[in-house]
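Peer 1: Okay, here's what each chain looks like letter by letter:
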Amino acid sequence: MREFIDGAEAIARGALAAGCNFFAGYPITPATPILLHMLRELPKVGGVGIQAEDEIASLGFCIGAAMAGAKVMTATSGPGISLYSENIGLGIMGEVPLVIVDCQRLGPATGGATTVGQGDVQFIRWGTSGGFPIIALCPTNVLECYSLTVRAFNLAERFRCPVFLATDKEVVSTLTSVNLDDYQAEPVVERRLAPPDGDFVPYRVPRLEDVPPMSPFGGPHLVRFTTSTHDERGFLTKDPAKVDRLNRHLAEKIEAHRDEIELVRLDPQEGAKTLVVSYGITARSMQEAVALARQRGQKVSALTVYSLWPLPERALRQAMIGLKRVVVAELNLGQYRLEIERLAGLLDGPRPEVVGVHRVDGELIAPQEILERI
Amino acid sequence: MTESSSSNPQITTYRDLNQAKYPFCPGCGHSLVLDKLNAALVRLQLDPRQVVIVTDIGCSGLSDQYFHTNAFHGLHGRSVTYATGLKLANPELKVIVIMGDGGCGIGGHHLLNAARRNVGMTVVVCNNFNYGMTGGEHSVTTPHGAKTSSTRGGNLERPMDICASVAVNGASFVARATAFDHDLPDLLARAIAHEGFALLDIWELCTAYFVPNNDFSKSALLGTLESLQLRTGVLQTTDYPEYSRAYRQTYQGAEEQGSGGARELGSGGAREHPGTSAPPHLRTSALLPTLYPHRLTAPLRLVIAGAAGQKIKSTASLLGVGGVLSGLWVTQRDDYPVTIMSGHSVAEVILSPEEIFYTGIPKPDAMLLLAPEGLKVVQRQLAALAAQDTVYVHTALLPLETPAQVVPLDFARAAGVDRRSLAAAAIAAFLRHTNVYPLEALKEAIRRTQRPQIAAENLAAVEASAGLL
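Each protein sequence line maps, in turn, to chains A and B. Read left to right, the first sequence gives residues 1 to 374 (my numbering). Read left to right, the second sequence gives residues 1001 to 1469 (my numbering).
Think of the hints as simulated: they come from the structure by calculation, not from any bench. Don't take every hint at face value.
Claimed, not checked - Short, incomplete list of chain B residues facing chain A, as computed with Cβ under 7 angstroms:
(1) Val-1052
(2) Gln-1065
(3) Asn-1070
(4) Phe-1072
(5) Asn-1113
(6) Ala-1164
(7) Val-1321
(8) Trp-1329
(9) Gln-1332
(10) Ser-1342
(11) Arg-1451
(12) Ile-1454
Using N, Cα and C, we set each Cβ at its ideal position, and we do this for glycine too.
Just chain A, with the same shape it has in the complex:
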């Protein structure tokens, strides 16, 4: 049995499958269909969906609801991420599990509301003050919209932080035929709650890389949550030792567990000296380009990046060893290529040349354009 659906609906289904029971959003092309799906479906499962007065409130509602025990998601596009910025910081500082869908569109500011882009890649990485790690996943098709949304929720619970699903106008709005049997998702990770008895210290972690268990507002404990630099009890502090420990913890809980987060798909070819790297909608052009290249006898490998952040360094470095050429295809002027160039520069021995295939005219990169650079 099959169906004909778009990525927006698959994201909504993935969220519900992951146990999402709260959604707040503000209408924006091309993310609005996710808002509408969630507003329609959440009440059916005892959840709450609401349209907020703006994007700042959308994420504010989500953060409040998450700390009251909900599994939360919001969806927007680049201009909305701009307004999310300060609350992304709060989500990092307060250690809030939440999923943010960015349906990327073209250009800065209002840009091209109905045209595709992948220009938020570095923006979501560094999208708030302070400079701390975030997690971002990137689906290439409808099935992955579903499975990676579930994974985004799981990572958010595992690491108590904002997790982006970085998608784009084409992936969320292109209708696609899908085999129902092909839907896959990992088991749902439930929130790790503090034992109901005894003292609850909201931000106590034995080791820097540990993730503190939660207790919802209105639950068995008194809970303190704060946007400010705090001690383990959630009180403001300027004690350098405590401040240092907090900030290193916020980075280390992700950095120390990169193996659990990093996700790529390598399609290697024996003897290939060229590798194509891509992500999101552009990875589909890469798949077609690589198939065409192999048909005409060229040897080429392909790597699809699913976890944009943290950068899947180990897999990328491994895949680049001994290569002559790495082609990076993306709908921006080289934001991810910069990362690949940095990694290539760290390789021992001969380093591959890194070339980009970029478009910022609102059109997709055609397989032929990638083929020309292979």
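Starting from the known structure of chain A, arrange chain B on it as the hints suggest.
Peer 2: Positioned in the frame of chain A, the structure of chain B alone reads:
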């Protein structure tokens, strides 16, 4: 409300006794307000675990640390949004927001909307007419003419009436007071006990800045109230339903579920959704079995270009669903202006015997041209056509300069086909001409996905399409 039962020992203070001393300046109104808030809480005897004090930024943002309740210290001006999220997720919570006049400025939008929605929370505004934490700059409530560090020559702006602003937007409990009022604990208790959105605008002194900069005092504060003709006490109450409960009643069917929905949300999202590894728990689109054969051996890339109102998008979906019913892989990209009811509407459909990766169509195999608006935006694709390609074109758009084979569609010869069903007739004509898949599959797509009346119109158009070719 969650009051502790009479058998429990009386709670004598909600202050955190480990944080006995407030950090505020001598004479600061915040200390008075917090003591009176504590008195109100003692009066109400709420379970501290059900009380969340949400603070904003500024000196009053430090307040939550001095209470033995839950605490949420958030970003400047956004306290009301966190309070909204808390309340929506768990309507049992008593949410008390403490913010300054600065927060009312930067977060005024949220304040108005929370009032308008009537989300259950108590907003306690510590209004001391300036930014006490950053150096005494003017705020939205600084009186006209007042001197602050940012209005050295006197404030040119008129002060915002916080109470009137939320009241006119439907706040269900609005009161104004001064920090000196002896009945402030009563007023605070009433506001907290109120089910919906309650706001208390409490005027007070900033002894660090506003007092020295303006020779301000308690009597000057009272004089300002008088000169602005502002009343104190309860200014407005309404019995609008509280939002989080209204939501559950209207959307979740509280008759069946009671407050269970709230507890499910409060329990960390443990509610089980059926079918976590497969999607059918959310059947909103049609299930499509393979019922028909197709005749494609390679992908067919089709561009349908028309105008708003011609139902290009939904009709292209019918073509897609028919393709899926015929065992094909299908993608459909749409392009239209943001003002969807005017201008062009273009759908790009790929029908393929194999999985489709790249969904763009720089060079189509066939085009359906149905309106001048669409024709205008597909010029590059039209120019890319070659002799083996086909253009199906509304006769009104002829002549057309192209090396491709041109198939005119003469809608004058298709009885009963109007603007609303023109695209369906055109697609049916395309299928008749190409035999990509049987016409019956398109009819089945119409029957499976469209409401009966629209389906009837489109089925009639499919029949009438015989006359087009």
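Peer 1: Report holds or violated for the interface hint on Trp-1329(B), using the least CB-CB distance to chain A and a cut-off of 7 angstroms.
Peer 2: holds, 5 angstroms
Peer 1: Does the CB of Gln-1065(B) sit less than 7 angstroms away from some CB of chain A?
Peer 2: holds, 6 angstroms
Peer 1: Under 7 angstroms is the threshold here; is the Cβ of Arg-1451(B) close enough to any Cβ of chain A for the hint to stand?
Peer 2: violated, 17 angstroms
Peer 1: Hint validation: Ser-1342(B) versus chain A, beta carbon distance must be below 7 angstroms. Holds or violated?
Peer 2: violated, 14 angstroms
Peer 1: With chain A as the partner, please determine if Gln-1332(B) meets the hint condition of a C-beta pair closer than 7 angstroms.
Peer 2: holds, 4 angstroms
Peer 1: Report holds or violated for the interface hint on Asn-1113(B), using the least CB-CB distance to chain A and a cut-off of 7 angstroms.
Peer 2: Because about 4 angstroms separates Asn-1113(B) from the closest Cβ in chain A, which is inside the 7 angstroms limit, the hint holds.
Peer 1: Would the stated hint for Ile-1454(B) survive a check requiring a Cβ distance to chain A of less than 7 angstroms?
Peer 2: violated, 17 angstroms
Peer 1: Does Ala-1164(B) hold up as a contact with chain A if the rule is Cβ-Cβ below 7 angstroms?
Peer 2: Where the cut-off is 7 angstroms and the nearest Cβ of chain A is about 20 angstroms from Ala-1164(B), the hint is violated.
Peer 1: Holds or violated: is there a CB of chain A closer than 7 angstroms to the CB of Phe-1072(B)?
Peer 2: Since chain A brings a Cβ to about 5 angstroms from Phe-1072(B), closer than 7 angstroms, the hint holds.
Peer 1: Mind checking the CB of Val-1321(B) against every CB in chain A and telling me if the closest is under 7 angstroms?
Peer 2: With Cβ-Cβ at 5 angstroms, under 7 angstroms, it holds.
Peer 1: Is the hint on Asn-1070(B) kept, meaning its closest Cβ partner in chain A is under 7 angstroms away?
Peer 2: holds, 5 angstroms
Peer 1: Does Val-1052(B) hold up as a contact with chain A if the rule is Cβ-Cβ below 7 angstroms?
Peer 2: holds, 5 angstroms
The structure shown violates the earlier hints numbered 6, 10, 11, 12.
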